[in-house]
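Asker: Residue strings, one per chain:
Number of protein chains: 4
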Amino acid sequence: MKITVINTGGTFNKRYNPIKGQLEVPSDSIALDKIVASCHNIEFEIKNIVSKDSLDMTDSDREEICEAIKSSKNDKVIIIHGTDTVHLTSKLIKEKQIEKQIVFTGAMVPMSIDTVEATMNFSQALGFLSAKVENGTYIAMHGVVVDCLKLVKNRELGQFLIQK
Amino acid sequence: MKITVINTGGTFNKRYNPIKGQLEVPSDSIALDKIVASCHNIEFEIKNIVSKDSLDMTDSDREEICEAIKSSKNDKVIIIHGTDTVHLTSKLIKEKQIEKQIVFTGAMVPMSIDTVEATMNFSQALGFLSAKVENGTYIAMHGVVVDCLKLVKNRELGQFLIQK
Amino acid sequence: MKITVINTGGTFNKRYNPIKGQLEVPSDSIALDKIVASCHNIEFEIKNIVSKDSLDMTDSDREEICEAIKSSKNDKVIIIHGTDTVHLTSKLIKEKQIEKQIVFTGAMVPMSIDTVEATMNFSQALGFLSAKVENGTYIAMHGVVVDCLKLVKNRELGQFLIQK
Amino acid sequence: MKITVINTGGTFNKRYNPIKGQLEVPSDSIALDKIVASCHNIEFEIKNIVSKDSLDMTDSDREEICEAIKSSKNDKVIIIHGTDTVHLTSKLIKEKQIEKQIVFTGAMVPMSIDTVEATMNFSQALGFLSAKVENGTYIAMHGVVVDCLKLVKNRELGQFLIQK
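Protein chains in written order, with this note's numbering: chain S, 1 to 164; chain A, 1 to 164; chain C, 1 to 164; chain U, 1 to 164.
Because the hints were derived from the structure by calculation, they are not lab data. Some hints here could point you the wrong way.
Intra- or inter-copy, both count: the list cannot distinguish identical chains.
Straight-line Cα separation of at most 20 Å, DMTMM-like style, residue types lysine to aspartate or glutamate; simulated pairs [claimed, not checked]:
no. : residue 1 : residue 2
1   : K164      : E43
2   : K132      : D75
3   : K96       : D28
4   : K132      : E24
Construct the complete structure from the given sequences, taking the supplied hints into account.
Answerer: See the structure below:
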């Protein structure tokens, strides 16, 4: 299977900088590397772009993400994105009606702090793309992969929950 | 989404017993609990049965697994199984042609030692079952979820690889 | 052996709050609990006070720490403290010439992110107090335990280094 | 500070071999490396010898350990050793009355499974050697560093406890 991963930053990637004493969004894919290392049956194309906390994303950043999806080598695309504005970016991408299977994912806790939640969200996207799925824009978080409009962050609970 | 998990033991579950100085297959679901804790959109039925290294599984154990699948509350079933004989058990289950979506998974390294590989394999099964998939018997390991006959353990590499 | 631990906060204790999306200094001793759980030969008195990033510590906070040392049940005292102003607090305590063996420690990376550095620094203090040491004010960081004036944080490297 | 570490194997070093499906005692110092990486004030000499589960140690292995202590560059020596026969080896070394400060340590759970207990035991030895201690043969486990004859493994509890 061939998958393009567009890694845009967000909590998923955050790492602690002991000199500055704070968490930073790096522009590398170290948070992703350990998962990728166990994916012996996938040929990945990985693009690290934007590299921001999603609260800081601009229209221009979202345009860059859109172009990266369009120009990706593969029809199966996973986008790692901050959780605060993933609803905005995914809605924008959905409206573009790109003929690919696009899955947004991310994490509430950095991979560097809790490997389980981040690995789970990303790997759900892998499993979903292993099935024959229609072109569309999906989100993979907290147990399920569904249309990107149907799973919404509950900011009090810190959980993505299916809208009823 | 509703999913039944039949946890039969294997490397996935192994934990170190400091008194005995060795890894043991427990009969609980502690290895699974941390993943389940982040699955806010899934209602799980979890059955801990057999609880063996899969090299020690008998025909009777496999019959018990088969019955557990048939009697499970849900049509979506994940079976955590040792990697050494998962090909035997999954082939047997496939031949029974049960009208459910059955996904075998497991790990090469215990969840208690490496959370990433075990979480990845299990979560791929979750993602796969989020898609509309046909009834069948599948295996989720090392990046992909495919028909259980197509992914085979390479014992020299310690990797499950798609048969060409 | 009996030891009083005065846990004042700092990086050692920081935990990620997924709702707020940031690291916080909690007022509990969860970061310490896993170390304490393996100390089968020590009777601890643990006091959680101040609970601040050490950059935010006031003169009043330092007075509170001083009182906690004086009123501690034991003559062996470990103080967990933020690394940014540990030199100020430890110098102040040293000047008080309290008749106890007082060891400051802390971490450059939170225990919740890197268990090794935090555990190492704290456990050096334990080992030092196992020896017959004179009353005084010491600091345990990055491999050694010495008089608190001799080990200084190098802010470019993020390391506590012995002054030559 | 200069310290020689003689790493003889034991549970401290055990790592899981996914191909063989079991824990092995490696002949490298990977388990030690992460601790050493934070010891910015120590110059280490590290010797990996014997590399065995201590139940398998022979008289010849113990002789080799003795020679390694005698020929070590430094007067401060830490010996990482399996917990099952550390009482035999340390008693033997104590009887040799070598004019150095020798501290045995180890772990009940491999560093690769639980970083905290292993890091704690080793780092107590570091802290103890930071104090001015008399030549002798000591053991650093579970909170304290004492004469090697005084701390004994309780095999039912899996804990090293001071003999009363």
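Asker: Hint by hint, say whether it matches the structure.
Answerer: Tested hints:
no.	hint	verdict
1	K164 - E43	between (37 Å within a copy, 15 Å between copies)
2	K132 - D75	both (12 Å within a copy, 19 Å between copies)
3	K96 - D28	neither (27 Å within a copy, 47 Å between copies)
4	K132 - E24	neither (37 Å within a copy, 38 Å between copies)
Violation of the numbered hints given earlier is confined to hints 3 and 4; the remaining hints are satisfied by the structure.
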